[in-house]
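J.: Chain residues, written in single-letter form:
2 protein chains.
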Amino acid sequence: MELLKRKIQTEGKIVDGRIIQVSNFLNHQLDIPLFNEMGKEFQRRFADTPITKILTIETSGIAIACIAAQYFNSVPVVFAKKHAGRNMDEDVYESSVYSYTKDTEYPIRVAKEFINTHDKILIIDDFLASGNAVMGLIDLVKQSGAEIVGIGIVIEKSFQGGRELIEKDGYHLESLAVIDAIEDGQVTFRDYI
Amino acid sequence: MELLKRKIQTEGKIVDGRIIQVSNFLNHQLDIPLFNEMGKEFQRRFADTPITKILTIETSGIAIACIAAQYFNSVPVVFAKKHAGRNMDEDVYESSVYSYTKDTEYPIRVAKEFINTHDKILIIDDFLASGNAVMGLIDLVKQSGAEIVGIGIVIEKSFQGGRELIEKDGYHLESLAVIDAIEDGQVTFRDYI
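Protein chains in written order, with this note's numbering: chain A, 1264 to 1456; chain B, 1264 to 1456.
Careful, some of the hints might be misleading.
A few chain B residues that face chain A, going by a derived Cβ cut-off under 8 Å, partial list only [said to hold, decoys possible]:
| id | residue |
| --- | --- |
| 1 | I1295 |
| 2 | T1322 |
| 3 | F1342 |
| 4 | D1402 |
| 5 | Q1406 |
Treat the hints as calculated values from the structure; they're not laboratory data.
Glycine included, each C-beta is placed from N, C-alpha and C at the ideal position.
Could you build all of it, start to finish, from the sequences and the hints given here?
T.: The structure is reproduced here in structure tokens:
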């Protein structure tokens, strides 16, 4: 998606030579017109897929999923919680995700009542790197018996193994921008995406 | 807002006789058509107000703010972070919020680069009760020198003092539904809102 790649190139910041920081438009300040274009593009990529619900994970996935949902007949969005408070229902599906950036394992949870056997789930998230967060979401959906019909990612880093992990199980994965390398402060994108 | 009040009445759950849980459409599963109607209603309430940015706080405020932004010329949304990771910029405005539901004080932070002196900020959040979260957001904006032009809340509980705290400082506060009492498992709304 050219608009997104341009945005990453002009406004992304490379930290420690390997982390791409996109707080300016994706993670902290949110660029709503860009999000609308991303939503349209997700719709184009999953045009023939019947979808009843979008599943994402707090925090950064939520805004992307909600704007995108508007292009999928405004299906409900459900987000898995990382920081469940006292109000969290007891009756949850739970999985565990290892975070490289924070070097900790954390639980993710979704209330059982919000995913049911008949749902056709599109998973949406902001980043795909090692694939841990997405695999955690896949695990939650598997527990519910619902079907995963697609996985939509905004920015994929192709060199950390996430895609292999996901496609091994046969899922339809679409990323709006694929980064093949971050070297010498330069981002190299996969051309044809 | 009648649609919202009906939703609270039919799908809200009252916990411990005093907490209203709206996970079904506002906090965990997100009802996108409802969010669009809420966005339009916020626009109607702040129609004559020049707004350059919407500020909210993770997690539940983000989806509401992003959908609403579409009715305010798609201005950028910035969310204050509660759980800042290693990626968080050092250069932040910081405040502190006391949470009754979790009985802890937690820091909230926003990167300085995303709020500047010339901004006219609409604050949006899901709940107003004691007003602590909103007062924290007001504090962040004050530090930046930007102007707060309005505060939009989805559900206000009028009996916990938040409105008095906010209006004392002269801010324009609009709530889409105002709950005057929760008694015997029944929610009493303020009629005219």
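J.: Now look at each hint and say whether the structure bears it out.
T.: Right, here's what the structure says about each hint:
The interface hint given for B:I1295 is met, as the beta carbon of that residue sits about 4 Å from the closest beta carbon of chain A, less than 8 Å. For the restraint placing B:T1322 at the interface with chain A, the shortest Cβ-Cβ distance is roughly 5 Å, inside the 8 Å limit, so the hint holds. Against a cut-off of 8 Å between C-beta atoms, the interface hint on B:F1342 holds, since the closest Cβ of chain A lies about 7 Å away. Contact between B:D1402 and chain A, as hinted, is not supported at the beta carbon level, the nearest pair being about 18 Å apart and thus beyond 8 Å.
A cut of 8 Å between beta carbons decides the hint on B:Q1406: the least distance to chain A is about 16 Å, and the hint is violated.
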